[in-house]
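> Given these sequences and hints, build the entire structure.
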Amino acid sequence: MNELRHLVDPLDLSFEETLRLLDLADSIANDRTAFAHKCEGKILATLFYEPSTRTRLSFESAMMRLGGKVLGFASAQNSSASKGESVADTVRMVSCYSDIIAMRHNKEGAPRVAAQYARVPVINAGDGGHQHPTQTLSDLLTIRREKGRLNNLTIGLCGDLKFGRTVHSLIKSLVRWEGIRFVFISPEELHVPSYIIDEVVKPSGCEYKEVRTMDEVLPELDVLYMTRVQRERFFNEEDYIRLKDSFILDAEKMKLAPKDLIVLHPLPRINEIAVEVDDDPRAKYFVQAQNSVYVRMALILMLLNIEPGLFEEETVC
Amino acid sequence: MNELRHLVDPLDLSFEETLRLLDLADSIANDRTAFAHKCEGKILATLFYEPSTRTRLSFESAMMRLGGKVLGFASAQNSSASKGESVADTVRMVSCYSDIIAMRHNKEGAPRVAAQYARVPVINAGDGGHQHPTQTLSDLLTIRREKGRLNNLTIGLCGDLKFGRTVHSLIKSLVRWEGIRFVFISPEELHVPSYIIDEVVKPSGCEYKEVRTMDEVLPELDVLYMTRVQRERFFNEEDYIRLKDSFILDAEKMKLAPKDLIVLHPLPRINEIAVEVDDDPRAKYFVQAQNSVYVRMALILMLLNIEPGLFEEETVC
Amino acid sequence: MNELRHLVDPLDLSFEETLRLLDLADSIANDRTAFAHKCEGKILATLFYEPSTRTRLSFESAMMRLGGKVLGFASAQNSSASKGESVADTVRMVSCYSDIIAMRHNKEGAPRVAAQYARVPVINAGDGGHQHPTQTLSDLLTIRREKGRLNNLTIGLCGDLKFGRTVHSLIKSLVRWEGIRFVFISPEELHVPSYIIDEVVKPSGCEYKEVRTMDEVLPELDVLYMTRVQRERFFNEEDYIRLKDSFILDAEKMKLAPKDLIVLHPLPRINEIAVEVDDDPRAKYFVQAQNSVYVRMALILMLLNIEPGLFEEETVC
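Protein sequences, first through last, are from chains A, B and C.
For what it's worth, the numbering used here labels the leading residue of the first sequence as 1, then goes sequentially.
For what it's worth, the numbering used here labels the leading residue of the second sequence as 1, then goes sequentially.
For what it's worth, the numbering used here labels the leading residue of the third sequence as 1, then goes sequentially.
Simulated from the structure, these hints should not be mistaken for lab results.
Careful: at least some of the hints might be erroneous.
Note: identical chains are not told apart, hence a pair may lie in one copy or across any two.
[Claimed, not checked] Result set (SDA-like, lysine to any residue): computed pairs, CA atoms no more than 20 angstroms apart in a straight line:
#1 Lys255 - Glu188
#2 Lys255 - Asp280
#3 Lys42 - Asn30
#4 Lys38 - Leu304
#5 Lys42 - Gly67
#6 Lys147 - Pro268
#7 Lys42 - Glu207
#8 Lys147 - Arg181
Note that the structure is a prediction, hence the values are computed from the model and not measured.
Shown next as structure tokens:
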């Protein structure tokens with residue numbers, strides 16, 4: 001009997017398992033109809049204590065594209081949490097109603113608790129400022145499909161590198177590959193936290209540098225990963241106006257970038273990428289949205305053991 | 001390859017295309033099971049920035065009756081619009097998750113913008129006070145199924161003819177048929193706008209008249225189309241009380257009407273049709289709700305090109 | 001032609017029909033895959049004017065496990081009720097969109113009104129403090145599956161016996177079996193209403209007693225049915241603190257109970273059952289959640305006449 005596996009942290013998957021997942025996602029992208037009935041009779045529960053249309057609809061589309069069905073809630077106000085029920089009790093209940101759970105929660109660690117009590121696999125669909133593993137996997141798939149590799153890449157990460165959870169997760173995952181070089185592009189106030197540098201980047205042996213403007217590094221990048229600079233992170237309005245323009249990508253800046261650069265963004269964007277960039281063939285942020293469905297399809301198949309042989313026996317938890 | 005078609009305005013369909021759509025809706029109504037698997041593997045996204053249970057559930061039922069699946073949101077508060085995302089970005093994202101989109105939006109023109117950016121067909125499920133084309137198509141189907149024709153009819157339109165978008169859309173569509181005669185029944189304050197008379201009714205050559213009470217014209221009608229008189233349209237409470245009774249249909253008034261009259265209402269009704277009228281065989285407003293599912297089934301099949309040959313090549317946009 | 005049947009009150013089913021429903025639920029529990037396609041092409045509408053994640057998701061899971069689909073709304077704010085539509089009009093509309101309706105409403109009697117106007121079967125999914133028949137049927141199924149019988153049982157009901165609707169419904173149903181003995185365990189302020197004693201328990205000939213603490217009766221129970229003691233039922237905070245501990249089940253108290261006791265709770269629990277009890281094999285409240293799906297599957301099959309022969313002809317209403 002296989003033990004139950006969950007995905008709470010992107011590193012819950014070993015390097016080998018991550019590769020197999022990306023391979024499976026590729027197979028799905030290349031022949032979607034071959035997977036159209038794999039989850040018939042299966043139910044995904046989407047428990048979104050915090051609203052997130054993008055992530056929820058991507059998960060729901062993934063399950064439906066596999067032939068499965070979906071139930072759940074889109075915000076906590078319609079959930080039994082409002083009656084004071086614990087996450088542990090809710091997931092034990094929902095384990096009776098579904099075959100796999102995708103949970104988004106405003107509290108860090110809630111999906112880990114859920115995984116302890118659930119009798120079906122639990123996928124973390126984002127917990128507070130903590131982890132968002134399926135976003136990271138979508139990023140990895142997009143880079144690999146667009147660049148042909150995940151090693152030997154210079155990757156610029158731009159914007160709010162202090163609070164942006166997708167950036168931290170992506171760094172932790174990318175250091176598993178050879179020859180990764182990071183360029184951190186952020187205002188002083190939003191630079192990448194020192195624990196990420198000291199505990200993740202340095203021990204991995206990856207090269208890195210920190211800069212304060214996008215222009216100076218654009219020519220050397222293979223990948224530019226943009227993030228939102230949220231107004232509420234700044235202490236005053238002047239700071240915001242002064243700084244945000246250094247971190248906005250437009251057609252003018254794109255002229256500085258290599259022809260084979262790819263531009264990613266976890267979306268939604270507000271104004272950090274000008275809409276004129278959308279027609280540039282190097283803009284891949286809407287391709288990312290498509291890849292997010294393939295990654296989630298692969299993950300559902302993997303956790304439900306419908307595509308067997310994806311997990312390493314020794315890492316079963 | 002067929003170009004992508006959308007339905008934002010009822011007149012996006014040519015007269016011939018409208019007839020073919022109504023024919024298909026008829027076929028569905030007559031043999032629903034023949035269409036039960038036509039959309040297997042397809043996903044409809046219902047993006048309702050403004051809540052509308054009736055329209056949303058009708059669309060969802062239509063897709064499910066075709067064997068397809070549904071995802072989406074029922075109000076803007078649970079959507080990424082609350083994070084400041086543009087309609088253009090949202091529909092590009094949702095194009096990755098679904099095969100066809102039904103959008104309701106409080107802003108006029110939003111579905112037209114959506115159609116420009118979507119990579120899948122977009123159906124306008126109502127935009128502000130502007131258009132609601134599937135309501136109009138349901139009205140046309142109901143009239144044709146109940147009266148056997150769409151030409152040579154005297155059609156009374158009663159209630160709020162100034163702000164009621166369903167009425168304006170219906171007028172614009174009906175003038176395409178021969179021998180239509182309009183009777184506009186409304187309080188002075190809510191009469192049909194002059195641009196509708198001058199730009200739509202007069203150029204079509206249709207006969208029309210305007211009256212202030214229902215009683216005087218009931219005997220001559222083939223169709224009575226009732227609408228809500230919304231309290232908030234009036235300047236004061238007295239006006240509301242004085243006027244609303246002239247536009248309420250009850251069993252007493254029904255005695256004045258021909259035996260083969262049909263009564264329609266886009267629903268929900270508040271009190272403009274007394275419940276005692278529901279049992280009158282001439283009341284067809286719940287039949288309309290049923291027909292709305294058939295029309296939406298036909299439209300989904302048409303826009304997804306699952307029932308081919310419905311579009312005129314020369315009008316592909 | 002069969003007449004339309006609804007389930008508004010648990011007693012809408014005769015004793016014989018209840019037994020057949022429980023038998024069918026057992027069959028489903030024992031071989032779920034045999035029922036996986038029974039409702040293909042059918043649509044359940046979940047009309048939840050009052051949010052209830054647990055009940056809604058259980059119904060949705062039930063329909064999906066039968067191969068059917070689900071549409072609806074999770075709270076009144078997204079429904080046409082907010083536009084002033086009557087329940088009668090809403091269910092006539094929804095009868096056009098679906099094959100069966102599950103309705104939860106904050107007003108007592110709303111599901112009965114719905115059943116009068118609907119053209120499809122209506123299931124009461126809870127109306128105010130009144131009835132919640134599918135909860136009662138889940139309780140009965142769990143007792144029968146865990147104890148092997150529904151007669152000759154001593155059943156302790158603990159907590160808020162005054163306002164708890166699940167308790168009243170359960171009592172009314174259990175008196176139909178032979179040899180039932182009730183032990184009512186509640187604070188004086190929340191004792192079982194006298195009309196339940198006088199009109200239900202006494203006429204049935206069932207033995208009963210009322211006590212004020214759990215400890216004194218635990219050794220004699222076959223079934224302990226726990227309920228929430230809601231803070232807002234008490235006049236002051238001191239009363240609440242003083243009383244609630246007499247009605248909290250913990251590992252210490254479980255030592256007093258027979259080895260073959262079963263503990264039930266309609267959930268959600270707040271703190272009236274300590275989490276340490278969850279690992280006790282006598283704790284069956286999460287099994288109840290699973291059984292609730294089987295009961296609802298059986299009920300849907302019964303009301304849609306997909307499993308024929310379940311209704312007694314003479315009781316068709």
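> Taking 20 angstroms as the upper bound on the Cα-Cα distance, should Lys42 and Asn30 be classified as within, between, both, or neither?
Between. Shortest inter-copy distance 18 angstroms satisfies the 20 angstroms Cα cut-off; intra-copy 23 angstroms does not.
> As a check of your reading, is Lys147 near Pro268 (CA-CA no more than 20 angstroms) within one copy, between copies, both or neither?
neither (23 angstroms within a copy, 50 angstroms between copies)
> Since the copies are identical, ignore which copy is meant and state whether Lys42 and Glu207 lie within 20 angstroms (CA to CA) inside a copy, between copies, both or neither.
neither (45 angstroms within a copy, 46 angstroms between copies)
> If the cut is 20 angstroms between Cα atoms, do Lys42 and Gly67 qualify within a copy, between copies, both or neither?
Classified as both; 8 angstroms inside a copy, 10 angstroms across copies.
> For Lys38 vs Leu304, is the C-alpha pair at or below 20 angstroms within one copy, between two copies, both, or neither?
within (10 angstroms within a copy, 24 angstroms between copies)
> Tell me, please, which holds for Lys255 and Asp280 at an alpha-carbon limit of 20 angstroms: within, between, both or neither?
So Lys255 and Asp280 pass the 20 angstroms test inside one copy only (10 angstroms; across, 67 angstroms).
> Using 20 angstroms as the alpha-carbon threshold, which applies to Lys147 and Arg181: within, between, both, or neither?
within (15 angstroms within a copy, 65 angstroms between copies)
> From the Cα coordinates, with 20 angstroms as the cut-off, is the pair Lys255 and Glu188 best called within, between, both, or neither?
neither (25 angstroms within a copy, 62 angstroms between copies)
Hint violations for this structure: numbers 1, 6, 7, all remaining hints satisfied.
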